[in-house]
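Undergrad: Listed below are the residues making up each chain.
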Amino acid sequence: MNLLRTATTLFIVAAYFTSFSQESGALEGIQIHGNFDLYAQQYNEDSIIGANAVPEKSGINAFTNLIISKGKFSAGIRVESYLPPVQGFDNRYGNQSVGVPFRYASFSQEGLEITAGNFYEQYGSGLLLRSYEARGLGLDNAFDGLRVRYSPYKGLYLKGLVGNQRYYWDKGDGTVRALDGEVQFNELISKLETSKFRLSIGGSFVSKYQAQPTGASLELPENVAGWSGRAQLNYEGISLLAEYARKMNDPNKSNHYIYRPGQGLFASATYSQKGFGINLSAKTIDNMEFRSDREAGFNDLFINYLPALTRQHTYNLAATLYPYATQPNGEIGFQSDISYKIKKGSKVGGKYGTTIMLNASWINSLKRSYISDANGDTATALLEDFVYLNEDPGREGYTTSLFKASNEVLYRDVNIEVARKFNKAFKLKLSYIYLDYNIFVIQNKVSPNVITHIAVVEGLNKLSKKHSIRWEFQHMLTEQDQGDWIFGLVEYAYSPHWIVSVLNQYNYGNKNKDLRVNYPTAQVVYVYNANRISLGYGRQRAGIFCIGGVCRNVPAANAVTLAITSSF
Amino acid sequence: MKRLTTLLLSTILISTIAAAQDSGRKIPDVAVKNLDNSSFQTSQISNDGKPIIISFWATWCSPCKRELNTIAEDFDDWVDETGVKLVAISIDDARNQAKVKPYVDTQGWEYDVYIDPNGDFKRAMNVNNVPHTFLIDGEGNIVWQHNSYAPGDEEELRELVEKLAAGESID
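In order, the protein sequence lines correspond to chains A and B.
For the record, in the first sequence the residue sitting at position 184 is 180 according to the numbering used here, with numbers rising by one throughout.
For the record, in the second sequence the residue sitting at position 141 is 572 according to the numbering used here, with numbers rising by one throughout.
One should not assume that every hint holds.
[What the hints assert, rightly or not] Among the chain B residues that face chain A by a calculated CB cut under 8 Å, a handful are:
1. S469
2. S470
3. F471
4. A529
5. P533
6. G550
7. G569
8. G571
9. H577
10. N578
11. G583
For the record, the hints were derived by calculation from the structure and aren't laboratory data.
Heads up, the beta-carbon is just placed ideally off N, CA and C, and yes, glycines get one too.
Here chain B stands alone, though its shape is the one from the complex (with noise of 0.2 Å):
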């Protein structure tokens, strides 16, 4: 009987799962924080009908820093060709939360940087762990996300956005 509850739950949420996955998965509306405190509505994430990237990182996460610091090198041109946006979270909770700023300013990212100090925005999006990457394409719909960095994903990266920009589908 136990088994046979199982069989069929699983079988009635893979079936959900499967047809719910069909409508585009929008960014869930958490308050996360300015780097001055102030408030920030997560549904307020926008870029005028051009792609999103979302990064989670913290100040503690060595690959995370490598991603974004190398993705800075080139970010001007990144814009220039695909108009793209990179919303970069940090889930630095309070021990490090003052050494965001400073860290974002040092190293001259041009990125709309928020602060997730208890990781509510993090559980929305289902991240496990940090670097954890979105793209979201002109629709605001999450169409592709990564977990981890090597050097060398930027590239991979960069091309799902101009494939995005052009208004072509990634799947």
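The shape of chain A in the complex, shown without the other chains (with noise of 0.2 Å):
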């Protein structure tokens, strides 16, 4: 941390030289700016939505990036600070209160681009490689190391790291070297410029680097590699994509420690023209969790990712209490998408024109047939301890086929969306939503699939130029888990610096009487160009919260909650 420190010191330093060290206008072309993140918890106990007292009674999560840049130079801090975090962050974060995770310099010129210390990347989809940051799952696993990133000609595009992964206030154990290369034919070759076919290719070679722990009683790969190859063709209103990956054995703690290849396929189709769009798409994947450390569990250090085939669904009960998270050891689904506006001016479409949107996705679990060791056990989930031993002739612990699925349900979605504006006042969304949920594997409860038909009417009414109320109703009926929910929320608005929202959450149909319990909550909101202000006071109910198929757990609370933004 000291040498933390003495970057940041120094990096401060330097831009204030830097920027009276220039002859002709001291402060020319220098550009400073960043934000700022804060989000502050209040907690009181409240025992009937089993939120427990909290020690430090409040908990803040703050984020501040700044980055400096002048021409060909860019160089950037973030200083995060968990005084302690908000609960149901991960209290790895409370190892430190204040610290830089994140510092890098950079510098671009001529198609090449350096960057030294902390960056984030991306290869392809990310199916085999993706640094990012979610703050709201707590996650980050930027790369600290080197990245080089260069364009010999047009059209052709070459991309290299190393470095090892952040891991809370600390560096992942594992080393990570990668190398991407891309081509875009219609930049590369001139006569293909104007056509209305469009190709690129491109293809990723990652290995990652672990020592074998000492005393280790078994055999574990200390280098592991993964390739990945990926095309797109575009050709007026269609596009195919579409990418395959592939890692070797890779013994780690999610697996089992099975000696067996993983492999992760992804496809996509999409049509679309004025008014109307059509994407179906195919995963699967096998064995195909990548991390920088085998050791590593929740969501450290992966260092591919594989999102959800799903739709984010954004109504609330929908999006916290069942929404599906990808398993990375094996799942095959497939999604479709259609969206459709009828014409404005037409019968049917009104005056403004009514958009529909139909999707629908299906995934299961892949067929395994589980090969037994010695004794004839297997590496199945229900076996949490299991691991093979090293002469075992099952350390590959399962066959299957990447096409093959079993009976195994994850996840059924399908929803409907119906969106009309009826007149300048008046606009009126109605949704449907059938979920069939796999709780056992998602959340780990014990519970059969939860079964769910959501119901959800939202409108907006504009009173004036300035001032509107949206206004939502959604319902939630299931026999599963919690039984049925309710849900209502006004939001009154006057543009552009005011919202106040009231909303309230009833779990009427739980099927213990002491648990069908109210969870309301008010806030309000203060918005000043780029800068936003929230207070609010309530209940939060636990649930689930996901990003892109990552999810991390919401405890109860009760608390009252600030939260500010700021750009600069």
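Put the two chains together into one complex, using the hints given.
TA: Next up, the structure:
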């Protein structure tokens, strides 16, 4: 940490002197900008909803980014503060209250870009490599090392990196080395520049090194390599995309230390024209959890990104009670997404047109045949601590095909949304969502699959140019888990500065009458340009919060919440 | 000693920021993707000396879509009156990226749409969350920015665009 402090000091001092050392116009071209993001909660004990007393009484997560740039140079730092972490965020963030986990310097000139320090990177769709920050999840797997991006010709893009990944206030054990190349044929070949056919291909190679732990009973590979290939073709309104990735055997905690290679395939076909769009996609993955530490769990130290092939629901009940989380060790899924706008001025479409969206997804686990060890045991998900021995004939764990689904339903989702503007003052949106959700696999809750029907009505009444009321009513019916819920929201906005909202969730159908609880919340938001301050008070329902199929548990809370974001 | 250092550093920092703000901030140069997956450098965003709106959004962001759909209703008039261009930057990642073009086409948006799949442009522009809207003047300076959306906010944006188009300052 001393090193970080020194680096930060040097950065600021250097920035200061650089700014004055320019001969003509001392500060010409220097730009300093950044942002600030604070989320704070003050907790009350609330035994009815299961919100325990928090010894510290409060939690604060704060992030301050500062970037300084001039011409080809750019450098930045991020100061993070956890005073202590907000409930639901990993306690390991609390190991240090304030620090600089992210700092970098970069230089770019004529197609060459070099970054030293921390950076985020993505190759292709991320199936083999993606580092990113999802602050709401407490996820940050940034690299710390060196990155080069180079484009020797127009249409040819090369990238390379080496580094370790962020692990809370520390760095992960494993070193990652990676290369990627992409060719854009229409840019590369001038004859094709105006062609309606647009084609690009790419490929990546990623390798991680982690030393064999001393005294380990298993003989573990220290270097694990993976590669991927991808292609995208576009012709007028049609777009086809496919990416395949494979990694060598990578025994790790999550796959019970099996010596089986992993692979994944993603494909998508899209067609759209004015007023209509359709997307069909398929994904199948087997043993594709790729982390830079074989012992890592939770959302830590992921090298790759395996997003959920499902709709990202935005309405509260569907989004936070039963969201799908990717199963990196094995799943096969399909999704279709269709949208159509009935023309405005037509009889059915009305004066302003009506939009209909239809979405469905289907995900099962892969069909596997488990291989027994010498004792006849296998590495099924039911045997948490099972590990094959070195000499076991069954070290590969199981056999499977990427294209064979098992009968185990992980997720089904069929949803429809109709949105219509009736006149200048009124818009209405109706939705219906059907879910079949494997809560045992996804949330580790002992229960049969949750089958739910959710209906949502949302309206927007514009009272005048600056005043409006938006409201939502949601109703969820289910026999399983916590039973039925209703949700209501009213949001009054006075543009451009004020938004006041009140919402309530009520678990009226819980089989346990003591748990038929209301979760009311009220909030006031003030916005001034790029500054937003919100203050709220209420009950927060325990649930699961996901971004892109990666999730964290949100504990129940009775809290005053203050959030501030600002960009400058 | 520690406090003194902090104080000293903060003073230096704040004075530097204050001084540096005098020169207009330009759009940083970052590689993003066209809807056909080809690459695009953000330094190429231009509009012949007329104003530009840059709006960060995502297919999963309801207020973003409310804002961009509301603007789309009268966007022809905005363009006729001011010559403005709207650049919509989708921060959708691999999960929803393929749904961006169908959404844009279905809604019939007449915006320049790019995808920033790993948030490189979002970070370079210091965007915390979406929707986040920037206004760029005819010289390519970032002159105004706004976070979040409430119905009616488009009126304020339109007034600012009109001012810029008329060559007025919006401070």
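Undergrad: Does each hint fit the structure? Answer for all of them.
TA: Results for each hint:
no.: 1; hint: S469; verdict: holds (5 Å)
no.: 2; hint: S470; verdict: holds (7 Å)
no.: 3; hint: F471; verdict: violated (11 Å)
no.: 4; hint: A529; verdict: holds (5 Å)
no.: 5; hint: P533; verdict: holds (2 Å)
no.: 6; hint: G550; verdict: holds (7 Å)
no.: 7; hint: G569; verdict: violated (19 Å)
no.: 8; hint: G571; verdict: violated (13 Å)
no.: 9; hint: H577; verdict: holds (6 Å)
no.: 10; hint: N578; verdict: holds (5 Å)
no.: 11; hint: G583; verdict: holds (3 Å)
Hints 3, 7 and 8 from the earlier list are contradicted by this structure; the remaining hints agree with it.
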